[in-house]
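S.K.: The residues making up each chain are set out below.
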Amino acid sequence: ETGVTQTPRHLVMGMTNKKSLKCEQHLGHNAMYWYKQSAKKPLELMFVYSLEERVENNSVPSRFSPECPNSSHLFLHLHTLQPEDSALYLCASSQDGQGDQPQHFGDGTRLSIL
Amino acid sequence: AQSVTQLDSQVPVFEEAPVELRCNYSSSVSVYLFWYVQYPNQGLQLLLKYLSGSTLVKGINGFEAEFNKSQTSFHLRKPSVHISDTAEYFCAVSGTSYGKLTFGQGTILTVHP
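Going down the list, the protein sequences come from chains A and B.
Each residue of the first sequence is one higher than the one before, starting from -9 at the first, in this note's numbering.
Each residue of the second sequence is one higher than the one before, starting from 2 at the first, in this note's numbering.
Keep in mind the hints are simulated off the structure, nothing from the lab.
Fair warning: there could be bad hints in the mix.
Straight-line C-alpha distance at most 30 Å; calculated DSS-like pairs for lysine-lysine [unchecked claim]:
(1) 50(B) with 8(A)
(2) 31(A) with 59(B)
(3) 50(B) with 26(A)
(4) 31(A) with 101(B)
(5) 70(B) with 50(B)
(6) 12(A) with 26(A)
(7) 12(A) with 101(B)
(8) 101(B) with 30(A)
(9) 9(A) with 31(A)
Generate the whole structure from the sequences, applying the supplied hints.
M.R.: Here it is as structure tokens:
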């Protein structure tokens, strides 16, 4: 298996539930990213990890909690979400987090908050 | 700070016609420029990138883009589109800080038979 894999592809949850999104990359990359894609808004960077250390938290509410246990895996733990959190959540990776390196994206998790 | 403006939210064209998707950017530092494509129910796929050197860059699927520093533009072009090019296209800029990408709002390209 190659590339960036995200699971689940679709998730429906209530506002009081706790769930996690998973991302796995098979490219040997050292940097990983979480983006939020909402309708009619540009993609928003949420978090950046470089060598398993969080290096960027782009003013994301604490109800989103990322975790990077190793350079191949990235999680986004969700709790007490709001309806406006419904969106497509995309994971990406790049070789070393340098600006001239393209990012490779997964197919995303479509999240719906009831 | 960086920003990206894609000037057209939707571009309808007929099959085999040429197309140009416009992108302008602003940045206080040197940038790297990218175009990504997103097909329905998929993530983003890199079309092409400008890092330095020749201002005309060629990408996959017959697309090319021209970097114009004086006009701060990076327009995407294809001389003859196919039905399969129907997708949403994103222009993005990256600085040097951890490769953070700033995206434009996206342009939906619809190719009609």
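S.K.: If a hint holds in the structure, say so; if it does not, say that too.
M.R.: Each hint tested on the structure:
Distance hint between residue 50(B) and residue 8(A) is unfulfilled; the C-alpha atoms sit about 39 Å from each other, more than 30 Å. Of the supplied pair hints, the one linking residue 31(A) and residue 59(B) holds, its CA atoms being roughly 28 Å apart against a limit of 30 Å. Restraint check for residue 50(B) and residue 26(A): satisfied, since their Cα atoms lie roughly 22 Å apart, inside the 30 Å limit. With a CA separation close to 17 Å, the supplied pair residue 31(A) and residue 101(B) stays within the 30 Å bound.
With a C-alpha separation of about 15 Å, the suggested pairing of residue 70(B) with residue 50(B) holds against the 30 Å cut-off. This hinted pair checks out: residue 12(A) and residue 26(A) have alpha carbons roughly 14 Å apart, not beyond 30 Å. Simply put, residue 12(A) and residue 101(B) have alpha-carbon atoms about 21 Å apart, close enough for the 30 Å limit, and the pair holds. Distance hint between residue 101(B) and residue 30(A) is fulfilled; the C-alpha atoms sit about 21 Å from each other, no more than 30 Å.
Annotation: proposed proximity of residue 9(A) to residue 31(A) holds, straight-line Cα distance about 24 Å (limit 30 Å).
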